[in-house]
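Take the sequences, apply the hints, and build the full model.
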Amino acid sequence: MTPTAVVLGLAYLVAAVLFILCLRGLSGPQTARRGLVLGEVGMLIAVVATLLHREIVTYEWIAVGLLVGSTIGIAISATIPMTKMPERIALSHSFGGLATGLVGVAEYMREGESLPMFKLAALGFETFLGLLTFTGSIMAFGKLQGFISGAPITWKGQNVANIGLFFASLAAIGIVVVHPEARVVFFLIAAVGLALGVTAVLPIGGADMPVVISLLNSYAGLAACATGFALSSQILIISGALDGSSGLLLSMLMSKAMNRSFANVLFGAFGTALEPGAAGAPQLAKAYNEATVEDAGAVLKASQSVIFVPGYGMAVSQAQHAVRDLATALERRGVDVKYAIHPVAGRMPGHMNVLLAEANVPYDKLFDLDDINDDFARTDAVVVVGANDVVNPAAKKDPASPIYGMPVFNVEQSRSVLVLKRSMNPGFSGVENELFFAPNTMMVLGDAKKTLLAMLGELKEGAH
Amino acid sequence: MSGEWLFNLYVFVLATFVGYQVISRVPALLHTPLMSGTNAISGISLVASLIAAGSHHRLSQLLGCVAVTCATINVVGGFLITDRMLRMFRRKPDPAVKGKLEGGKG
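In order, the protein sequence lines correspond to chains F and D. Sequential numbering from 31 applies to the first sequence in the working numbering. Sequential numbering from 6 applies to the second sequence in the working numbering.
One or more of the hints may lead you astray.
Heads up, simulated BS3-like pairs for lysine-lysine below, C-alpha to C-alpha not over 27 angstroms straight-line [claimed, not checked]: (1) Lys331/F / Lys426/F; (2) Lys395/F / Lys426/F; (3) Lys97/D / Lys490/F; (4) Lys368/F / Lys490/F; (5) Lys426/F / Lys368/F; (6) Lys395/F / Lys97/D; (7) Lys331/F / Lys480/F; (8) Lys331/F / Lys97/D; (9) Lys114/F / Lys97/D; (10) Lys97/D / Lys368/F.
Note that these hints are calculated values from the structure, not bench results.
Shown next as structure tokens:
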């Protein structure tokens with residue numbers, strides 16, 4: 031081992047330890063920022079050390095990439111609104127996937143034919159997973175951003191075709207391992223990866239995005255691991271494994287919070303079971319209590335305890351600041367205010383927490399499902415801000431419901447429920463929500479932010 | 006070296022185990038910063054991209070340059086945005102913002 035190689039190896043070891051400490055810092059909000067600095071130092075050490083690598087002979091392309099990448103990275107992170115965080119994460123998974131995929135192709139073109147079998151297999155997986163993550167994340171981004179329909183896009187035989195594509199790529203990797211000179215087959219692996227990313231994510235509905243984003247996160251990690259095996263780089267293996275296990279753990283938590291298996295999310299095409307107008311589709315003729323903001327304000331004035339339940343609708347209408355303003359006004363009146371956060375509320379894990387933190391809501395007022403569910407029965411008023419499935423009592427009572435078994439908030443047990451919703455339209459999940467028709471529920475229809483601000487006005491009027 | 010892959014497999018399995026242990030302690034509150042932070046860390050593929058971009062091979066340089074750009078976006082953007090998010094998590098309302106609100110009322 032040359033002295034440089036030793037320095038490089040030790041630098042990577044330090045970086046790996048710093049990465050683990052960085053993630054450990056995230057076990058609490060007080061230690062998280064300090065932890066993040068350790069991660070940044072680790073990354074700096076790893077990058078600077080790599081520039082000493084003996085295989086690096088020219089620096090001009092590196093300089094271009096670092097400069098352009100840093101500029102774009104700084105620009106995105108400085109300007110993106112917190113409501114767009116799921117889109118940002120999806121996009122960055124696609125960048126990560128593309129980077130690993132391209133490195134795989136480059137490595138194969140450079141020395142593919144002289145590599146041992148095990149490294150060739152790793153290279154194949156790296157390219158396949160990287161490019162799959164790339165196109166899959168672009169699809170997820172499109173669905174979140176709305177230029178691809180958020181509804182599941184399905185076609186006949188899609189599951190069979192997708193599984194077929196997966197096995198085709200395994201076979202192609204097998205062929206390349208035995209015949210490293212078969213370049214066409216290697217490019218076939220890349221093509222199948224690109225195609226499968228598209229066809230595997232299109233059938234998954236927008237509301238399932240928390241699971242999809244977490245899974246893509248873990249694929250990106252696995253692709254980085256495969257790169258590590260191909261280059262025999264332990265820092266890549268360790269970092270990829272950290273990323274992969276984080277994605278896997280999050281997708282398991284998200285699936286559990288929807289009471290669905292991975293297989294069901296990936297192959298179930300949730301939301302297509304109910305054709306509009308078919309039997310069992312929502313019947314809008316049912317009676318519900320539509321309330322004005324004056325009525326809603328009167329309910330809040332008469333309440334001693336209020337729980338807010340935010341959902342994706344809060345992000346869509348950017349209502350987090352209005353929620354906080356209303357909550358602050360209530361607290362000034364001596365009302366006990368809490369927030370109930372469901373693990374799958376929004377479009378990515380922790381989405382609601384970040385938005386409320388942005389609106390300056392202290393985090394000890396945010397409660398998980400298990401910590402708050404018994405409180406609803408003792409609460410005067412619940413304000414549901416753009417949440418739907420997570421407050422649907424059918425999940426507890428109706429075995430025929432597609433969301434049966436999903437853990438939900440017991441909002442219907444509180445004295446009155448104010449549901450802020452754009453319209454009575456059930457949305458693309460098409461699941462009817464009997465909460466909206468319950469006698470103690472008042473539907474306040476309209477844009478959530480405007481409604482909240484109008485309710486705030488009502489509350490302030492009463493103060494005089 | 007025939008034992009190399011076995012050694013790397015050890016590293017992979019142990020790192021996955023450590024990752025699982027550490028990450029299962031992250032509260033739901035911080036799941037978005039977790040995702041964006043691990044995203045920045047997985048930008049470590051930058052290391053491999055640097056080697057591709059700095060090699061002799063012409064095509065490898067080109068692909069490597071694109072890869073370096075993508076990975077750098079994730080590293081730089083990922084750390085910055087995670088920090089931006091973490092700065093917002095507070096136990097007490099921010100006095101600056103609160104003062105502004107009360108000032109507006111009076």
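Structure-based check of each hint:
In summary, the hint linking Lys331/F to Lys426/F is not supported, as the alpha carbons are separated by about 31 angstroms, beyond the 27 angstroms threshold. For the proposed pair Lys395/F and Lys426/F, the alpha carbon gap of about 26 angstroms is at most 27 angstroms, so the pair holds. For a cut-off of 27 angstroms, the pair hint linking Lys97/D to Lys490/F stands: about 24 angstroms separates their Cα positions. Restraint check for Lys368/F and Lys490/F: satisfied, since their Cα atoms lie roughly 20 angstroms apart, inside the 27 angstroms limit.
Taking the CA atoms of Lys426/F and Lys368/F, the gap is near 23 angstroms; set against the 27 angstroms cutoff, the hint holds. Taking the CA atoms of Lys395/F and Lys97/D, the gap is near 10 angstroms; set against the 27 angstroms cutoff, the hint holds. For the proposed pair Lys331/F and Lys480/F, the alpha carbon gap of about 19 angstroms is at most 27 angstroms, so the pair holds. A C-alpha spacing of about 25 angstroms is found between Lys331/F and Lys97/D, which places the hinted pair at or below 27 angstroms, so the restraint holds.
Proximity of Lys114/F to Lys97/D is assessed by CA-CA distance (about 25 angstroms); at most 27 angstroms being required, the pair is judged to hold. Restraint check for Lys97/D and Lys368/F: satisfied, since their Cα atoms lie roughly 14 angstroms apart, inside the 27 angstroms limit.
When each numbered hint is compared with the structure, a violation occurs for hint 1 only.
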